[in-house]
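Given chain A, put chain B with the ligands in place with the hints provided.
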Amino acid sequence: MNTTDRTIEALANREYKWGFVTDVAADTIPPGLDEDVIRLISAKKSEPDFMLEWRLRAYRHWSKLERSAGEPKWANVSYPPIDYQKIVYYSAPRREGSGLASLDDVDPKLIETFDKLGIPLAEQKRLAGVAVDAVFDSVSVATTFKEKLAELGIIFCSFSEAVRNHPELVQKYLGSVVPYTDNFYAALNSAVFSDGSFCYIPKGVRCPMELSTYFRINTAGSGQFERTLIVADEGSSVSYLEGCTAPRRDENQLHAAVVELIALEGAQIKYSTVQNWYAGDADGRGGIFNFVTKRGKCAGRRARISWTQVETGSAITWKYPSVILQADDTVGEFYSVALTANRQQADTGTKMIHVGKNTRSTIISKGISAGRGNNTYRGLVKILPRASHARNYTQCDSLLLGDRCGAHTFPYIEVANASSTAEHEASTSKISDEQLFYCKQRGLSGENAVSLIINGFCKEVFKNLPMEFAVEAQKLLGVSLEGSIG
Amino acid sequence: MLEIRSLSAGVAGKAILRNIDLDVRAGEVHAVMGPNGSGKSTLAQVLAGHPAYTVTGGEVRYRGEDLLAMSPERRARAGVFLAFQYPVEIPGVSNATFLKAAVNEVRAERGLEELDAMEFLEVLEQKLKLVEMDRSFLSRPVNEGFSGGEKKRNEILQMAVLEPTLAILDETDSGLDIDALRVVAHGVNRLRRPDKAMILITHYQRILQYLEPDHVHVLFDGRIVRSGSKDLALELERRGYDWIREDLAVAARPA
Ligand SMILES: Nc1ncnc2c1ncn2[C@@H]1O[C@H](COP(=O)(O)OP(=O)(O)OP(=O)(O)O)[C@@H](O)[C@H]1O
Ligand SMILES: [Mg+2]
Numbered sequence: 001m002n003t004t005d006r007t008i009e010a011l012a013n014r015e016y017k018w019g020f021v022t023d024v025a026a027d028t029i030p031p032g033l034d035e036d037v038i039r040l041i042s043a044k045k046s047e048p049d050f051m052l053e054w055r056l057r058a059y060r061h062w063s064k065l066e067r068s069a070g071e072p073k074w075a076n077v078s079y080p081p082i083d084y085q086k087i088v089y090y091s092a093p094r095r096e097g098s099g100l101a102s103l104d105d106v107d108p109k110l111i112e113t114f115d116k117l118g119i120p121l122a123e124q125k126r127l128a129g130v131a132v133d134a135v136f137d138s139v140s141v142a143t144t145f146k147e148k149l150a151e152l153g154i155i156f157c158s159f160s161e162a163v164r165n166h167p168e169l170v171q172k173y174l175g176s177v178v179p180y181t182d183n184f185y186a187a188l189n190s191a192v193f194s195d196g197s198f199c200y201i202p203k204g205v206r207c208p209m210e211l212s213t214y215f216r217i218n219t220a221g222s223g224q225f226e227r228t229l230i231v232a233d234e235g236s237s238v239s240y241l242e243g244c245t246a247p248r249r250d251e252n253q254l255h256a257a258v259v260e261l262i263a264l265e266g267a268q269i270k271y272s273t274v275q276n277w278y279a280g281d282a283d284g285r286g287g288i289f290n291f292v293t294k295r296g297k298c299a300g301r302r303a304r305i306s307w308t309q310v311e312t313g314s315a316i317t318w319k320y321p322s323v324i325l326q327a328d329d330t331v332g333e334f335y336s337v338a339l340t341a342n343r344q345q346a347d348t349g350t351k352m353i354h355v356g357k358n359t360r361s362t363i364i365s366k367g368i369s370a371g372r373g374n375n376t377y378r379g380l381v382k383i384l385p386r387a388s389h390a391r392n393y394t395q396c397d398s399l400l401l402g403d404r405c406g407a408h409t410f411p412y413i414e415v416a417n418a419s420s421t422a423e424h425e426a427s428t429s430k431i432s433d434e435q436l437f438y439c440k441q442r443g444l445s446g447e448n449a450v451s452l453i454i455n456g457f458c459k460e461v462f463k464n465l466p467m468e469f470a471v472e473a474q475k476l477l478g479v480s481l482e483g484s485i486g
Numbered sequence: 001m002l003e004i005r006s007l008s009a010g011v012a013g014k015a016i017l018r019n020i021d022l023d024v025r026a027g028e029v030h031a032v033m034g035p036n037g038s039g040k041s042t043l044a045q046v047l048a049g050h051p052a053y054t055v056t057g058g059e060v061r062y063r064g065e066d067l068l069a070m071s072p073e074r075r076a077r078a079g080v081f082l083a084f085q086y087p088v089e090i091p092g093v094s095n096a097t098f099l100k101a102a103v104n105e106v107r108a109e110r111g112l113e114e115l116d117a118m119e120f121l122e123v124l125e126q127k128l129k130l131v132e133m134d135r136s137f138l139s140r141p142v143n144e145g146f147s148g149g150e151k152k153r154n155e156i157l158q159m160a161v162l163e164p165t166l167a168i169l170d171e172t173d174s175g176l177d178i179d180a181l182r183v184v185a186h187g188v189n190r191l192r193r194p195d196k197a198m199i200l201i202t203h204y205q206r207i208l209q210y211l212e213p214d215h216v217h218v219l220f221d222g223r224i225v226r227s228g229s230k231d232l233a234l235e236l237e238r239r240g241y242d243w244i245r246e247d248l249a250v251a252a253r254p255a
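If you're matching them up, the sequences are chains A and B in order.
Okay, so the first sequence: first residue is 1 according to our numbering, each after it adds one.
Okay, so the second sequence: first residue is 1 according to our numbering, each after it adds one.
Okay, chain B solo, but in the shape it has when bound:
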C-alpha cells in the first residue's frame, strides 16, 4: 500500500530524514519508535504533505500513485489520515461542522453523495460511542479548550468518521490517562481491517500491547536503524536507546 524509497527530507534548511525505506502492506500495523527529535513527526508530516517540509530525495508510492506529487487535501481524500501529535484549534468552528465538511469532501472523492444533517448525526453517534466521547464535544469549537487527552481522543473520533485507508497516528497515546489509553486503543483496534493499514508513532510499549504491531522500526537521527517484530519494542522498553547508540558507534568504527 505504501512504499517509501530512499526518502530524505528536511525543514528550514536542515536535513532530518535520511534515506528512509519502508514498506507497509494492507492489513499491517507498523510501529515507529525513536528518541525525541529523531524525525518521527517529520516523517508523518512529509507523508501528509505539510508544506514546511521539503523532500530532498527519494519517492513514496501510495497504492501505486506518486504520493509526493499529490496536494495535502488530495492525499487526505485518497485515504491518508494523520492524527496530529499537536492537534490544532479552530476557534468558532464546531467539531460537528468541521467533521461534516471533512466527511463530505472525502465522500465526494469516493463518488458518494453528501450526507445530510440527519444521516451525518447518525454516523457520528456510533463513532462517539466507539471512542466513548460525550456528545457535548460536537458543539464545541474544534480542539479549543480541550484538554491534552481530549484532543487526542478527538483525533481518533475524526479518524473513525473518515475511515482512512492509511492512518498515521503520531503519539496519540501520549497524554492519555490509563483508561483513555485503553478506550482509544480499543477504538483504533476496531478500525483495523484487512484492507487498511496503520503507522503508529509512539514512545511506549503500553499501547503496543493493545495494538500488536506486525513490525517495529527504530528511527534514530533521521534513519531507520532497526526493524523487527513487536519484541523489539519490549527490548527498547527494557533497555532504552543507549544500546542502539552503542551498536551504531561500533558499526561506525573503522574495522
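Chain A extracted, bound-state conformation:
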C-alpha cells in the first residue's frame, strides 16, 4: 500500500462522537404495523379526522405495495430485507402534562442530550440567529424562538402542533408535493409519521433567522418517520437547516422522512442538510437506513428553491431532493456532498422537473468514496414540451480515496423541446501522492492534508451553506475521516 492509501485507510476508520444513548423514560408502543397502530398514533396526537383518514389511505396504499412489488429495488444499494413488523412506530420521551408550554416541562435529560449534541435549547444558551425545533425519536421536544417569529406572522412549530393549531394550512399543503402514492417509503411515512417541523412564512416576510430542525434517534428498534412542510408565501424567503444523529448500535434502524417545500410567487427557500446519522462500523454492522423523499415545488413565478446537502452518515442513503419547476421563470438548485467510507452506501442525487418556461436548474454533486464505500449519483433532468428556453447545468465530480471503493454516475436527461438545453459534466479523480507530499512538505499531517484536499474538492457546495453550517460541515468531514494517525 502506498502512503496515500495508508493515510486514507486510517482516516476512513472513523470515530462517531454522537453515538451515545440517553436513558429516559419513554412511551413506546410494541413493534408491528396495522390499522390499529395508525389509529393509536393518531389518537396519541389528538389529531383531527382528516389526518387519520389520510394516514389510513396512505397505509392501505403502502400495504398494497408491500404485498406486490415491495420496496423499490432500482437503487444501487444492497441490504437484507427489512421486516416492517419488527419496527417500533412510536416512541416518545414521557413527560408530565401535555403540550409544550414551556421548556421547564422538558425532561432535563433531553435538554442535556441536545446540549451534548451542540444544540442548546435553554433560552440563555441558544444559538443566536438560529431557531431550532428539536425532535427526539417520534416527537418534537422543544422549539426555540417561536414567539419572536410569531410577531412577524411566521409559524414555526412541530408538525403535531401545526395539525392541531393550523389544520387549514396543513390540509391544503400536506401531500401536495409528495403524495402518499409517490413511492413505498413516502407511503409508509404518510401512514405513520409521528412528528417533524412545520413552517409558514407569510407574504413578503423575509425570515430574519435560520430555522432548523435537529433530529435525534434514541430508542432501540424504533424507526423515525418525520415530515417537514415548509410553505413560503408570495415574496417571502427563508433559510432552513436540518441536522441529525443517532446512537451507535449493531442493528440497523430505519429513517424514512418526507420533506415538502412550497414556494409561491417570488418566494425563496434555501434548505440545507448536514446528515450525520450513525453509519455503522468498519465491518458494516449497524447504522441508519436513510430512505428519504424530499421535494420542492416552485408553484409561483420567479420562485426559487435550493437544496444543499452534506451527507456523511447513514449505512445506506437513498435520497433525491428534487424541484418541480412548475411556474415560469423559476429556479431550482441542488448542491451535494456525499461521503461514503467503510461499507457505507449512498445512492443520491436529484430530479429537476422543468414544467414552466424559462426555468433554470443547477446541479453540483461531489461524491467522495473511501474504504469500501459505494457512492452513486443518480439524477434526472426532465424538460417538458411546454418548458421552452429551459436550461440545466449539471456537474458531477467523484473523488476516490483508495482502490476498494466505488463511484457511479447515472444521469438521465430528457429534453422535450428544442429551445432548451441541458449540459452535463463529470469527472473522477484521486488524491495524488504528489499532492499529499506537497502538503506534508509544508508541515501538514497526512490527515490534515487529506481533509484539506477534500474540503477543496467540496468548496463549490460548502460555499452555498449558511456560515455556521459550513464550518460545521467542514469539521464534520474532518471528523468523519478522522483516523488513528496524528
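It is worth saying that the hints were derived from the structure and are not from the lab.
Hints may contain errors.
SDA-like mimics (lysine to any residue), calculated; alpha carbons at most 20 angstroms apart, straight line [claimed, not checked]:
id, chain 1, residue 1, chain 2, residue 2
1, A, K463, B, P91
2, A, K430, B, A117
3, A, K459, B, L138
4, A, K459, B, F137
5, A, K459, B, P51
6, A, K459, B, Q205
7, B, K230, B, D21
8, A, K459, B, E28
9, A, K459, B, T97
10, A, K459, B, G92
11, A, K463, B, A96
12, A, K430, B, D21
13, A, K463, B, P141
14, A, K463, B, A117
15, A, K463, B, K230
16, A, K430, B, P91
17, A, K430, B, A52
18, A, K430, B, V88
For chain B with the ligands alone, coordinates are given in the frame of chain A:
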C-alpha cells in the same frame, strides 16, 4: 547544519545518487548545478522525504538529528523547506487557507500559538510585498491556473511565510522572466540569515549573480564531481559541461 555522508538513493529500482557528501553550515548558500537528469531534484526530494525515493546507503544529519528517520511533515516542521521544481496544484483550496494551515502546523511545532485570521493576514501582507505578488493570489486555489513563473513566485511566498532554517530551491529561477528573477532573487536574499542556510539548484549563472553562493557543486551522473567557489559557476556558464565530462573520462582511463 546539514551533513550528508555517502548518500546513495534511487527511484523505481534505478540507482541515481551515488555516494554524495555535502556539508552545509548555518549562514551558507550552496549552489548545485549539473546537466539534466544528473540527480539534482532527486537529491532535493530525498532530503525532503518523498516516499517514492529509496535511500540505499549513507546518512544525513540535520542539526544533529537523523533526517532520514523523520517523516516528511516532521522535516518540514523542523525547518526544511523545498521549493518544488514542479509545484503541485490543489484545486479548491485557496492559497491563503493552505498557507494558514501550514504556518500553524509549523508554529505549533515551535511551541507558538496559532495565528488568528487577522494576525495571519498581517504577516501575509508583508510577505506578499517581499515577492511583489498581488493579493488576488491569496484567494486563488493553490497553483491552479498559475503561470509557470507565478507558481515559482508562489513557492517563494510560501518560503517567506514559513521562514525555514534550510531552504532547498529546485530551479526556482527557471521559467521566470528577467524582472521576476530579480524580484525573486531579491526576496530570497532578504530571507538570508546567519542562522539559516540554502541549497540552490540551478542551471544558470544569472541567479547566482544576485545570490552569491559560498560554494558551487557540480552533480554529474549522481555524483558530486566538482566543488568550488562561485567562479566554478562562471566557468560552467562559459564552457558547458563537456570539459568536466572529458576530465572524468581522463581520470577514468587506466594509467
Ligand atoms: N519517479 C521517477 N521514476 C523514474 N525515474 C525517475 C523518477 N524520478 C527521477 N527519475 C530519473 O532519475 C534521474 C535523475 O532525475 P532528476 O529529476 O533528479 O534530475 P535533475 O538533475 O533534477 O534534472 P533536471 O535538470 O532536468 O531537472 C533521471 O534520469 C530521471 O529520469
Ligand atoms: Mg530537476
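Handout entry: List of violated hint numbers, smallest to largest
Key = 2, 5, 6, 8, 12, 15
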